[in-house]
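Chemist: Chains as they are written, first to last, in this note's numbering: chain R, 1 to 330; chain F, 1 to 778.
Everything labelled a hint here was simulated from the structure, so no lab data went into it. Positions of the beta carbon are idealized from the N, C-alpha and C atoms, including for glycine. Some hints could be false.
As the list claims (entries may be wrong) - Chain F stretches covered by chain R per the calculated footprint, using a threshold of three residues with CB under 8 Å from any CB of chain R: (1) 10 to 19; (2) 143 to 152; (3) 268 to 280; (4) 360 to 367.
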Amino acid sequence: MDTNSPSQTTTTLPQVTEPRNPGMELDMQWVRAAQANTSAIERRAATLPGRRSVKKDFQAAWLLKAITCIDLTTLSGDDTANRVRRLCAKARQPVRADLLAALGMDPITVGAVCVYHDMIAPAVAALQGTGIPVAAVSTGFPAGLSPFHLRLAEIDESVKAGAAEIDIVISRRNVLSGNWQALYDEMRAFRTACGDAHVKAILATGELGTLRNVARASLICMMAGADFIKTSTGKESVNATLPVSLVMIRAIRDYYERTGYRVGYKPAGGISKAKDALVYLSLMKEELGDRWLEPDLFRFGASSLLGDIERQLEHHVTGAYSAGYRHPIG
Amino acid sequence: MSVKEIFNTMEYGPAPESAAEALAWLVDQGDRFGHFIDGAFTEPADGFDSRNPATGETLATLSQATQADVDGAVAAARKAQPIWARLGGPGRARYLYALARLVQKHARLFAVMETLDNGKPIRESRDIDIPLVQRHFYYHAGMAQLMEEELTDRAPVGVCGQIIPWNFPLLMLAWKVAPALAMGNTVVLKPAEYTSLTALLFADICRQAGVPKGVVNIVTGDGVVGEMLVEADVDKIAFTGSTEVGRKIRAATAGTGKALTLELGGKSPYIVFDDADLDSAVEGLVDAIWFNQGQVCCAGSRLLVHEPVAEAFYAKLKARMDKLRIGNPLDKCIDVGAVVDPVQLDSITRMVESSGAGEVYKSAAGLPISGCYYPPTLITGLDTSDPLMQEEIFGPVLVSTTFRTPTDAVALANNTRYGLAATVWTENVNLALDIAPKLAAGVVWVNGTNMFDAAAGFGGVRESGFGREGGWEGLMAYTRPEATDKPLNRLVPLEGDGAPADAIDRTAKMYVGGKQARPDSGYSKPIWSKTGALLGHVGLGSRKDVRNAVEAAQGAAGWAKTTGHLRAQILYYIAENLSARAEEFGHRIDQMTGKRHGAKEVDAAIQSLFTYAAWADKFDGQVRNVPIRGVALAMREPVGLIGALCPDEAPLLGLVSVMAPAIAMGNRIVLAASEPFPLVATDFYQILDTSDVPGGVINILTGSHSELAPVMAAHLNLDAVWSFSSTDLSGVIEREAAGNLKRTWVNNGHARDWYARDSRAFLDAATEVKTVWVPYGE
């Protein structure tokens with residue numbers, strides 16, 4: 001697997017490094033053949049943390065990598081321009097300079113900043129010149145139940161406002177009622193509306209009922225041109241889990257093997273511990289390969305993960321367990 | 001490598017588990033070990049080194065047990081046994097509970113020691129072996145607690161000699177020791193010479209738990225010590241290991257009256273249907289054949305893939321193989337560790353290199369430069385005739401071929417002398433539940449593999465051995481009926497030279513395949529009454545008649561698939577027809593035996609038929625309480641083809657008591673009638689003829705038991721031989737049975753009360769427990 005240098009991946013937009021997935025015709029034979037054996041998938045997910053362990057300098061390096069893959073996110077009703085500016089400052093300098101120096105690392109940034117539409121402008125302004133893309137959640141996030149033309153218009157507005165990445169939500173009802181064509185058509189329309197902006201398809205896996213549905217929805221969104229597939233909005237009662245991740249990344253692998261296009265993966269919601277981040281990275285490494293360990297193909301949708309990683313890094317540097325207040329909040 | 005470099009390469013790096021505590025324990029013991037006999041370690045004596053296969057380093061020096069050591073250990077166990085048994089189930093439960101607790105408290109020490117000694121990845125010893133050991137002791141603490149309440153007619157066997165292999169050293173110890181101790185037995189255990197350290201650590205734990213001295217004894221050494229133990233004054237031998245050695249033990253214990261259970265080799269099929277979750281099935285193979293370097297008796301080592309998905313599946317599998325990490329077993333990031341010993345590595349290498357067939361794919365993952373390693377290997381495109389498809393490799397080598405239909409899959413899966421385990425992957429519940437019962441295996445895993453638990457029986461059919469470990473059925477191997485045995489004297493035919501009792505000659509033939517058959521030998525012998533009158537002639541059965549009868553029984557395979565209800569109806573019908581001719585049968589018995597029990601015996605035979613008709617649809621399987629989301633079905637399956645030497649003393653009741661449970665459970669049977677009093681058996685086939693018994697299900701031979709018994713016992717198509725003959729045939733039967741390791745049930749010269757109600761013993765003998773694991777979830 002080829003690997004990008006860190007300077008490339010942290011300072012260039014994702015679309016530069018990888019040909020975009022153009023999508024393909026809806027292949028229902030492939031979709032219907034998708035299987036997902038829940039108990040076997042759960043066993044694999046449960047044993048993976050025991051099979052792979054990353055220690056000492058390796059752990060520190062992996063945690064730094066995880067930071068570069070974070071979509072640092074705020075999606076609250078009380079978000080303000082200043083709140084977003086503070087988050088963006090953190091995105092530019094996610095780890096204390098003294099810690100990075102002690103680790104012998106050049107500066108790093110997070111993968112992107114993820115906000116609602118109205119916060120795009122302050123975010124774009126705050127990230128000017130950093131190369132950090134702004135991602136906007138869209139299409140009637142989180143439920144996706146607003147009028148279809150408004151959902152398309154929302155994408156359009158967000159792209160105009162400067163969002164380089166659009167996180168759309170699929171209509172779960174199309175999955176639950178088996179209306180696969182409608183799911184494909186909707187995703188196609190979203191992709192077209194995004195233009196040059198990358199599109200992440202949020203499947204809201206916690207609301208799809210079965211892992212088989214997750215596998216099918218993953219395939220269809222990729223066929224319809226998704227650049228990333230993403231687990232959840234963070235607003236469902238169940239968000240990213242390892243079994244769901246396994247199903248989605250195996251779909252990505254199958255899609256790559258058939259089409260040659262690499263689609264990215266973004267687990268979102270519920271990943272708050274450094275240890276979890278390491279498990280996700282090893283899952284990507286094992287099932288998809290090293291190429292998927294870079295921010296153009298892998299993101300964590302997370303708000304509190306960074307804080308835990310910072311504490312672990314300070315522990316690695318000093319040997320003493322750290323405290324949250326020692327690290328600037330985002 | 002700097003953090004910055006790792007940030008770019010994203011390698012795993014080393015994640016070693018410390019060996020310090022385990023090595024310190026060895027140093028504390030002086031790095032030299034004696035045996036654990038009568039509660040104490042003996043002085044270390046001449047012996048051999050125990051090495052770490054990953055590095056070749058010597059871990060400790062062990063003693064080779066002498067005859068005196070083995071005798072001493074058996075004597076200690078013998079002395080301790082009655083006291084241990086009298087302690088009672090609840091008393092023993094406390095010790096087993098303490099052992100479980102202590103293993104748990106020292107879990108990491110045990111895990112590291114196991115990995116050092118055996119070479120298996122620390123993940124496996126830490127997450128699989130040792131937790132299962134704890135589970136086994138906890139579970140059997142419960143069994144000890146319940147013994148007196150639930151196993152009211154069972155007593156301990158006595159002193160158990162236990163010989164275990166090197167692939168799961170402590171786990172196999174637990175599988176053997178926990179049930180034995182729970183049921184009130186004492187043990188002398190011989191661990192494998194490569195891997196004795198955790199057994200010696202366990203001995204230390206026994207002392208800490210205060211287990212009374214002599215209850216657990218451990219002697220170390222090579223196969224010679226094992227042979228001594230087999231020959232020693234023990235009541236039972238439990239062996240896990242190779243089929244070859246199992247066969248020798250079967251022959252060596254023949255006729256000694258020692259109970260025997262064998263858990264032997266396998267070449268277990270791993271069947272992938274086109275509708276399976278292929279990625280999960282690939283991952284399952286990692287747990288099947290690359291678990292413990294493939295040194296697993298039940299390893300899914302024979303991959304059978306449905307043709308439509310074969311190409312895609314192999315591609316996924318090869319990609320997964322390249323991702324395996326092979327190396328230092330103490331590293332927490334390692335999937336495949338070291339092969340146990342250079343001898344085993346040579347054996348694997350030789351087997352693979354001697355075969356030029358198929359396409360060989362080896363994992364692209366690198367091997368360590370030194371140490372005992374073999375790369376994960378896949379050989380595709382093999383045919384059943386290739387030795388690699390038939391012989392157990394016992395290493396990380398997967399062999400494969402494809403199949404077209406479910407019927408094809410079953411035929412390929414069962415085309416083996418072994419029958420330990422099988423794995424089936426399909427998302428179709430109809431297919432899974434149809435296939436599972438058709439597979440010749442003691443354990444079937446659906447959509448998973450290598451799942452084990454103390455509550456679920458484990459063991460094989462065919463040449464994978466007999467007996468179960470785990471579950472309620474596992475306790476049968478460590479208990480015996482409480483009743484004491486009375487000796488059985490040889491019954492000889494009555495003599496005479498008088499005139500025929502019947503005016504018109506009646507020709508008593510044999511009964512083969514639902515038809516009357518003359519003896520192949522062309523010889524008959526007279527049967528006389530007590531008064532010397534000629535009652536008739538019976539054919540002298542020979543090996544050809546056994547052959548014909550077994551062939552006929554083989555042809556009646558459909559019987560196993562009939563419903564219990566149908567089999568009950570036929571048994572009732574036999575009883576009905578026998579009842580209609582009760583007087584005649586009673587008279588015949590009286591004539592032959594010269595006694596007046598005939599009427600009583602016929603009545604008891606009718607009762608017996610009713611009893612097993614009743615059982616035919618009631619000897620249920622169970623759902624076992626295993627710690628997964630899913631079910632483990634303990635299914636009662638017929639043993640198959642049974643040969644039986646009927647009791648001489650109760651010519652009708654004995655025959656019926658043997659025949660009825662066998663056919664009620666779906667077996668087919670070849671019966672050798674009472675040797676001195678055979679005519680009631682030859683009358684009986686007229687009853688069978690009128691009772692809708694399908695041809696071949698019941699076959700009746702007459703003649704000399706000593707002539708028929710060895711032929712039956714050696715017949716490779718019979719699955720079991722039972723003998724209740726008054727001729728002492730136990731030794732010859734058990735010896736000859738070693739050929740295909742068929743199940744034997746012999747009387748060892750002891751009498752049985754045919755009027756007693758003990759149908760359970762017969763039902764157990766007539767069935768095998770197959771455990772079918774079905775994890776579920778959507």
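Chemist: For each hint, tell me whether it holds in the structure or not.
Modeler: Right, here's what the structure says about each hint:
| no. | hint | verdict |
| --- | --- | --- |
| 1 | 10 to 19 | holds (count 6) |
| 2 | 143 to 152 | violated (count 0) |
| 3 | 268 to 280 | holds (count 6) |
| 4 | 360 to 367 | violated (count 0) |
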